[in-house]
Amino acid sequence: MQAQAKDRLSEPLGLYIHVPFCATTCDFCAFYQKRPQKGEMDAYISGIEQELDLYPEEDLERIRTIFWGGGTPGLLSPKDLERLGQAVLKRTGNNWTEWSVEMAPITAHPERLKILKNLGVTRISMGVQSFNDDLLDALGRTHPRKQIFEAWDHLKNSGFENINLDLIFAVPGQTDEALIQDLKQATELGPQHISTYCLTFEEDTKMWVKLSRGEIKPDPEAEEHQYRIAWETLETAGYLQYEISNFAQPGYACQHNVNTWRMHEWIGIGPSAASQYRGQRYTNPRSLQSWNLGLKEGTLPSQRIDQVILSDSIIIADRLGFGLRMNEGIALDTRLLSSSELTLTKLPIWAWLQNLCTEGLAELVENRLKLSLDGRLVADAIAAEILERLETVCRP
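Residue 5 in the working numbering sits at position 5 of the sequence shown, with consecutive numbering throughout.
These are computed hints drawn from the structure, not numbers from a lab.
Do not rely on the hints blindly, as some may be mistaken.
The calculated DSBU-like cross-link candidates involving lysine-lysine, where the alpha carbons are at most 30 Å apart (straight line), are [claimed, not checked]: (1) K90 with K370; (2) K117 with K38; (3) K184 with K217; (4) K38 with K79; (5) K146 with K79; (6) K370 with K184; (7) K90 with K79; (8) K146 with K184; (9) K90 with K146; (10) K117 with K79.
On a predicted model such as this, the values are computed, not experimentally measured, just so you know.
Generate the whole structure from the sequences, applying the supplied hints.
This is the structure in structure tokens:
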């Protein structure tokens, strides 16, 4: 137990803060969000301060990465951004190396950006989604194409040198040429990082309703084709793929996400925020009111949902599943559990993993297991199969 605790304390710890406020809800978005009402912003930030105080000081001081997601963190006023930032700075140590904030083009105003820069934010992730006005309208985005360029100028003029642009592909009606134009426009701006996400149809979204009515249809063949277009185009433009949906110039991979994919710990603060902390996973209530009430009454921990004790099979499966999503793959001698010498080649499913190579879905390169191009296209199915097989062989 002492060795296990020592290993945990030596690993990077991430801090994720969920800002649930949005002016409108995009047609594809399933994250918890709401329009801010009078008095809610103040109650929200007070709640963030209270929830941070629930965690031990020694853990908050070992935070290495910070990520504000949403919702739209940029919807906060400059005054509220400053207060939220100071709440984080007051309670964390000075050991963090990356602080990311998600912004929508419509919220990237100079005054807000100045506050973020002064707080020490190092990275901005801007949800562009497309440079095509028709596709933006189809996605329910409120910003027009021209506002992306205005926001970009504000970001550069504010001194940010680590910027990510999010793009979505496989949108109904999106042609290959339209995707290539989006990718070309993004690379011409020259961000340090680009994320490309295949449109998914999540329940309780407007896209899901359109799908259920038969108004739109997914096209798996087109999705696969556009995956390949995105990967090839970005590689040609000098962006290295380091995870299935993420590409970066050398040295600009998102540290927070990489640490998460490597199954290190993170603390999630705010309504609907998820955590992986001290051998457990849990999620805060998906309601600003319930979350705030739980903090006031001191009952938030008991109200958390999806609470799971991390068994060995879950930890190993997730380290494999997420590890294989990254282009670096997994070294054969990687310790899969901090409490044992278990490595990839000692797994009871090692023969099955080797068979992925025979099928052309993976390859062994310099003592590392990596997914091939074809394997990356079915990475989610491979991860699900890994978990099912491990649960079977590890079942008491």
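Index of numbered hints that the structure contradicts, given in increasing order: Going through the list in order, the structure violates hints 1, 9 and respects the others.
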